[in-house]
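Start from the sequences and build out the full structure, keeping to the hints where you can.
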Amino acid sequence: MSASFTLAEIAERCGAELQGDASCRVFGVEALNRAGADQISFFNNAKYRKFLRETRAAAVILHPSDAADCPCNMLLTDNPYLVWARVTNCFAPASNQEAGIHATAVVDPDARIDASATVAAGAVIGAGAVIEADAYVGPNCVIGQDVVLGQGSQLLASVVLMDRVRLGKSCLIHPGAVIGSDGFGLANDQGRWEKVAQLGSVVLGDNVEVGANTTIDRGAIHDTLIHNGVKLDNQIQVAHNVEIGENTAIAACTGISGSTRIGSGCTLAGGVGVVGHIELADNVHVSGASVVSRSLREPGVYTGGVLAMPHKVWQKNIARIKQLDSMARRLKALEKALAQLQGEQENSTE
Amino acid sequence: MSASFTLAEIAERCGAELQGDASCRVFGVEALNRAGADQISFFNNAKYRKFLRETRAAAVILHPSDAADCPCNMLLTDNPYLVWARVTNCFAPASNQEAGIHATAVVDPDARIDASATVAAGAVIGAGAVIEADAYVGPNCVIGQDVVLGQGSQLLASVVLMDRVRLGKSCLIHPGAVIGSDGFGLANDQGRWEKVAQLGSVVLGDNVEVGANTTIDRGAIHDTLIHNGVKLDNQIQVAHNVEIGENTAIAACTGISGSTRIGSGCTLAGGVGVVGHIELADNVHVSGASVVSRSLREPGVYTGGVLAMPHKVWQKNIARIKQLDSMARRLKALEKALAQLQGEQENSTE
Amino acid sequence: MSASFTLAEIAERCGAELQGDASCRVFGVEALNRAGADQISFFNNAKYRKFLRETRAAAVILHPSDAADCPCNMLLTDNPYLVWARVTNCFAPASNQEAGIHATAVVDPDARIDASATVAAGAVIGAGAVIEADAYVGPNCVIGQDVVLGQGSQLLASVVLMDRVRLGKSCLIHPGAVIGSDGFGLANDQGRWEKVAQLGSVVLGDNVEVGANTTIDRGAIHDTLIHNGVKLDNQIQVAHNVEIGENTAIAACTGISGSTRIGSGCTLAGGVGVVGHIELADNVHVSGASVVSRSLREPGVYTGGVLAMPHKVWQKNIARIKQLDSMARRLKALEKALAQLQGEQENSTE
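Residue numbers (this note's numbering), protein chains in the order written: chain A, 1 to 350; chain B, 1 to 350; chain C, 1 to 350.
No lab work stands behind these hints, which were simulated from the structure alone. There's no promise every hint is true.
What the hints assert, rightly or not - PhoX-like cross-link-like pairs, simulated, lysine-lysine; straight-line CA separation at most 20 angstroms:
hint, chain 1, residue 1, chain 2, residue 2
1, C, Lys-336, A, Lys-336
2, A, Lys-332, A, Lys-322
3, C, Lys-312, B, Lys-322
4, C, Lys-312, C, Lys-322
5, B, Lys-322, B, Lys-336
6, B, Lys-312, B, Lys-322
7, B, Lys-336, A, Lys-332
8, B, Lys-332, A, Lys-336
9, C, Lys-322, B, Lys-322
As the list claims (entries may be wrong) - Take a look, some chain B residues computed to stay more than 12 angstroms from chain C by CB distance:
hint, residue
10, Glu-54
11, Pro-71
12, Asn-188
13, Asn-234
14, Ser-295
15, Arg-297
Think of the CB as a built atom: it goes at the ideal place given N, C-alpha and C, for glycine as much as any other residue.
Quick look at the structure:
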């Protein structure tokens with residue numbers, strides 16, 4: 001049995017202004033061109049205006065300026081995608097976790113588990129760990145010693161938190177994420193590498209989301225810091241002593257090297273690489289697959305890389321990269337020679 | 001005790017034409033230059049013709065056109081690598097899994113496990129899950145609610161399938177893979193991010209292979225779709241609502257952004273990045289480490305990027321990239337000025 | 001209670017020459033500008049000389065040539081970072097693992113576990129596996145059949161070693177790493193892919209470190225080889241039949257394609273991609289995010305790629321890449337035309 005709501009309830013819960021039938025009952029969400037008479041949809045992209053005009057949805061979330069094109073009930077808002085986010089959460093399947101510790105979980109006697117928390121099958125929790133109220137430790141997660149899992153935070157499945165890692169409230173950690181693994185610190189001894197012990201830890205603020213199979217290393221001396229509201233997608237690597245400012249969002253497959261500080265309100269698209277020991281200002285936005293090799297001190301959009309093209313076009317042109325310096329110098333020489341020739345020409349034709 | 005076969009059996013099983021001693025018994029496979037008198041090898045690359053001529057193998061799989069260079073029994077075929085694939089499978093160690101549910105596995109009473117399926121130690125299976133005939137759930141795997149694991153599909157170890165994920169028949173999922181984690185959907189509310197619930201799921205067809213630590217996110221409204229015969233290598237990220245067509249193969253470390261549709265019969269080499277909301281036609285082939293930023297509507301090979309060169313060469317040339325536009329304009333101006341000068345010269349020398 | 005040492009003990013253990021108060025007792029390590037009177041710090045970067053002069057540390061590890069700027073006890077050495085590495089290890093939290101097999105671990109009766117080894121909760125160990133003295137199998141690790149885990153080697157948590165993988169002594173494997181998954185070997189049969197069985201395994205030497213969520217595939221016929229002292233960071237992919245030479249260090253998010261051989265003493269920075277079937281000589285150093293597409297037979301530093309710049313600069317210039325060949329040809333034509341014009345000019349002005 002799925003949830004249902006009247007449009008009045010939806011408008012109230014999600015912060016939109018209802019225009020239409022308050023008692024109309026909806027059972028789910030759908031795209032404009034597929035929604036039926038008991039579903040809500042949203043309009044946010046002029047490209048789909050045709051679908052808006054023809055939609056059979058019960059109601060559409062949209063900006064007031066698009067109201068004229070909407071043939072059905074409307075949930076009006078300045079930020080349709082935000083209201084959409086809230087509506088989707090109304091229809092998200094409710095968790096049916098029961099509080100308590102599963103019989104197959106292994107909890108150290110010195111760990112402290114709040115009575116309202118859930119520890120699922122196969123989870124292993126070390127000495128001194130604190131699992132706060134309403135927190136959820138999913139199946140086969142491993143929690144080291146002296147870890148703190150804040151109120152309402154969730155580790156979905158097979159997550160590993162190494163010793164002394166601390167998570168704030170309402171964090172959401174997806175399967176396979178590893179937080180608090182050793183930073184990559186090595187000293188060279190005549191060719192052989194000797195390990196630098198990683199004595200810091202990792203601290204996550206509140207409302208941090210960490211994607212599947214993402215890794216966040218512990219600091220060498222101090223802690224790696226992920227501030228409130230940071231959102232990390234899947235397969236991201238955050239090296240030791242990185243600091244990521246509030247509400248920064250980073251897409252999948254991005255790697256941040258050690259000791260780099262990223263400001264707040266930044267976005268890094270997928271596959272970005274950031275070198276170590278640099279700083280990105282607040283509100284820096286990096287395009288996908290770009291490599292950031294120096295501090296970016298001004299907000300703005302930064303991009304790098306050479307995009308894919310037909311292989312033959314690439315092949316013909318890309319080798320010329322190695323001639324760029326020579327080409328630039330020859331171009332300058334030509335300009336000079338031509339100017340001289342023009343001068344002589346003028347003289348000779350005077 | 002390893003398996004052994006006569007060459008007649010091998011030819012029959014693997015679809016090659018035997019030329020030589022049908023009763024010769026072989027016990028394994030080896031490279032041309034290392035194979036002994038009880039091993040099969042194969043020849044597929046002209047670079048190794050010398051090794052073919054000198055091989056001591058019991059038999060060699062090869063194309064009829066290379067037969068003249070083969071000093072031993074031959075398994076003739078138009079597709080030596082395909083026959084090789086089949087022969088290697090003859091010698092793969094047999095699984096010794098016994099059907100049944102290990103005593104330490106935790107299976108919800110509302111899950112349905114076929115009697116011929118195997119659930120290994122430490123696996124956790126949620127309510128409503130269906131594990132079909134001959135399927136294998138390896139050690140410490142986690143399977144959410146209402147998951148379907150099709151007939152003969154295998155999760156090797158520590159695989160996570162989140163709620164409602166559905167796999168077809170004969171899929172092979174390598175350790176650490178996560179299927180059905182939340183897509184990265186976020187709405188911005190004056191700087192803070194609010195989560196868009198990911199209400200879709202992930203559907204894999206038959207014969208899909210998913211590599212170690214690869215992640216496939218569930219869709220926002222609809223399902224992420226991986227069609228029959230798709231092969232994904234390790235450490236790949238497939239974002240929400242991606243669709244990958246039949247028999248497409250993708251090498252390691254590639255990332256596919258949300259809502260992108262990849263055709264059938266495509267190959268993406270390692271480390272490729274594909275942006276969201278685009279389409280790749282059938283039979284598109286993308287070279288390693290290329291970034292695809294727009295739809296590729298024609299089959300063919302596409303490439304991008306600047307390959308590694310000695311650092312000093314790179315350093316001298318790469319900064320000039322930022323002058324390319326200026327260089328192109330100056331070049332054009334020079335051509336014009338020169339043409340004018342040539343005209344004047346002609347006039348003055350007439 | 002944390003460890004403490006006198007400076008005399010530290011100097012002796014870590015191989016530095018003490019200049020100052022031998023009986024001074026220290027309780028930890030800190031950065032120069034934060035260290036207190038019971039902590040050791042180190043100086044290795046001229047940028048921080050100001051902090052050295054003002055430090056309140058008990059002692060500083062530094063090069064004799066910097067001694068004049070140090071206001072406190074000194075631990076003198078030619079390699080301050082190496083001594084620092086050793087000092088950090090003095091203060092690393094001691095493991096409190098007790099030898100033995102946890103009651104919830106599942107160990108095949110045919111596995112052989114040394115009495116001094118530890119097998120933690122939820123670990124699963126297959127038939128024929130050998131766990132040598134002082135080895136550690138962390139919580140929820142999975143070890144396949146006939147695996148060898150050498151003396152003192154550690155699998156921290158949720159590590160998977162597939163069948164027949166062999167680790168030498170004193171290896172350290174971080175959470176989520178997968179060693180011995182199938183290589184990506186596929187033969188094409190009229191559009192469909194058929195799997196090439198991966199019959200080799202993976203062999204790690206002694207003192208190898210493997211980062212969190214890194215994957216190392218087993219070889220097709222022969223073994224994938226990771227030699228003594230190799231250090232792999234997080235999220236690395238090592239494909240089948242790769243060979244990595246002694247003491248090579250590879251940073252996070254790097255991918256090495258199949259059958260490539262990397263020499264000893266190499267460093268690959270983060271996000272590097274290396275194509276298959278090539279060779280990198282000893283002492284090759286590859287800069288971050290570079291793509292290596294051909295063998296590098298000479299030691300040295302190699303770099304590739306176009307670094308991030310303001311998006312508008314990128315946009316204006318990068319499309320010109322596709323005109324590079326044309327630009328180079330036109331430049332040459334201009335040079336020729338100008339030379340001719342200069343000749344004529346000379347003639348006409350004679």
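Which of the listed hints are broken here?
-> 5, 13
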